Structure formats: structure tokens, C-alpha cells
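A.B. asks: Sequence:
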Amino acid sequence: MTTEHSRVRDILSGRIAPAEPRPAATVMLLREGPSPAPGSRVGRGDLQVYLLRRASSMPFAPGAYVFPGGGVDERDADPRAGSTDVGWAGPTPRAWAERLGATEPLARALVCAAVRETFEESGVLLAGTSADDVVADTRDDGWEADRQALIDRSLSFAEFLDKRRLVLRSDLLRAWSQWITPKVEPRRYDTRFFAAALPEGQQTRDVGGEADRVAWMRPADAVAGWERGELRMLPPTVSTCKDLAACGTLVGVMAAERGEIRPIEPELREIDGRFRLVVPDGVDYPL
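Per the UniProt record's numbering, the very first residue in the sequence shown carries number 1; after that it's consecutive.
If you are wondering where the hints come from, they were derived from the structure by calculation, not from laboratory data. A few of these clues could be false.
[As the list claims (entries may be wrong)] Here are the in silico distance ranges between beta carbons for each label pair:
no.	residue 1	residue 2	range
1	S6	D212	31 to 39 Å
2	G259	Q148	21 to 29 Å
3	P62	D133	34 to 42 Å
4	E230	P263	26 to 34 Å
5	T129	P186	38 to 46 Å
6	D162	R94	31 to 39 Å
7	E267	D171	20 to 28 Å
Note that the structure is a prediction, hence the values are computed from the model and not measured. Ideal placement from N, C-alpha and C gives every residue a C-beta, glycine not left out.
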């Protein structure tokens, strides 16, 4: 028996306490497909989602295709975000707290983390100069300097919004689901999933860092690639891509009735001497 198997059995039996999950947020950035290239299977109007492949050097999920996102920075809960000092459009932090089943400070932090991480990992910013507009382009040197400052934490997200006199567009986010990393994992996250449409005029950028490849894909194609063993994806990503494919269109996604958002936590179970990941009943996760 390996040391890792021994540790897993100790956690499953309760002899070792599991790691505490860290709050995180991720965003399914969506668009309708552009005009297809000759020979392409993707046509105009096809729903596409933005995926990043995590670099092999990353300690969590190396080589896996994921949506932009990451852990909450404690400064994401800065009360200036959502106050008169830093503009906030759409549902208030209190309303988000009710929707996400979280405290108001955590809800504010999750929404800020969702918008911040999307900007850091794709260059797309869900904010504008007023409650009615969105930044048109973030590709010049000034925006890039601010993006890097957010990554190295020399600038907090609230400071960034205040500096730019921007309004966070929380109304552009759609709460989707909540997944918790299985108890046996050494790094665990309690992640809220959001959906958002790519703002008109903005473009995603391959900004490197934690990812070594990026791609726009039809959700059904992503699932098919996973089923063929060509794309590595974790259960939340596969399940969410299945959800998106079922919606069919961008309008369908943003209008989908999600109901109450409850945490989904896959379990690792030992069955006939082998460990298997088991996803709760009712969750669309193809085995």
C-alpha cells in the first residue's frame, strides 16, 4: 500500500481530518460562435465556452481544462466593493448572499473574485464606467500593468476599481452551481460557478501564467473530447459543460432556471479494493 493510499483510507475512516475547503469562484465565459473557418464544425450561433488548460507545473489539477477562476483573496471582501466608494451594479452583496447561501462578506468576496479572476486569466473585465456600459477593450499597456498588479497582489480588486473609477457589473454574472473538492484531496475548494456572456467589443487573451493553452469550444465538443480521453477535465467541468450543452444557446443559458444552489461534493469510495470517484445522484456526470 502506498503512502497516498494509506492517507486516503485514514481520511475516509475519520482517523485524519480532511483539509478545510477554501472559498473560490469560477466563471463560464460564453459567446455565440463567430463565422466558421472553412471545414470547421463550429457555425455562427453555436454556443462556445472559454477553457484554459492548467500548466503541468500547477499543484492543483495540472493538465486539466478549467474555466477562469481561483481562490478568494481575503481582500475581495473589502466593504468598499459594493459601496459608494466603488460602484456596484446589479444585485447587492446582500442579495448575492441569499442567492449563494453565504454571508454577505463572503458573497461580496465571491462576486469580486469571479470578476477579478476572469480579468486576470482571460483579460475580460465585467465592469464599466457606469451601470449601463462595459469596458470595450483591455489590451493596452496600462490595463496589462493593472492586471499584473492584481496577480502579484500589489493592487487589490477594490483599489483597482477605485483607481479606474469603474462600476463592477454583478448583473452580468449568473449564479450556476457550487462544487466542493472531495475530502481526500490535500487541496480543497468550495467553488461557486457563475455564467457570463463575453462583453461586446472585448476579446479574450492568452495571457499565460497558470494556463499553457486556451480555447473556445462548444460545450458538447468539450464533453466528447473528455469521453475520448483527449481532454482532462474534473467532474464539475464535465457536468457544467453538459448543462451548457443542454441549454443550447447563450440566451438559453442566461435564462435557465437554476433553482436553489446546493453544494455538490463528489466522494472517493473504495469499491472492491479500488478507489472510485462517486458523484451524487441527480448530477449530470457521464461515467
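A.B. asks: Against which earlier hints does the structure fall short, listed by number upward?
C.D. replies: The structure breaks hints 2, 6 and 7; every other hint is satisfied.
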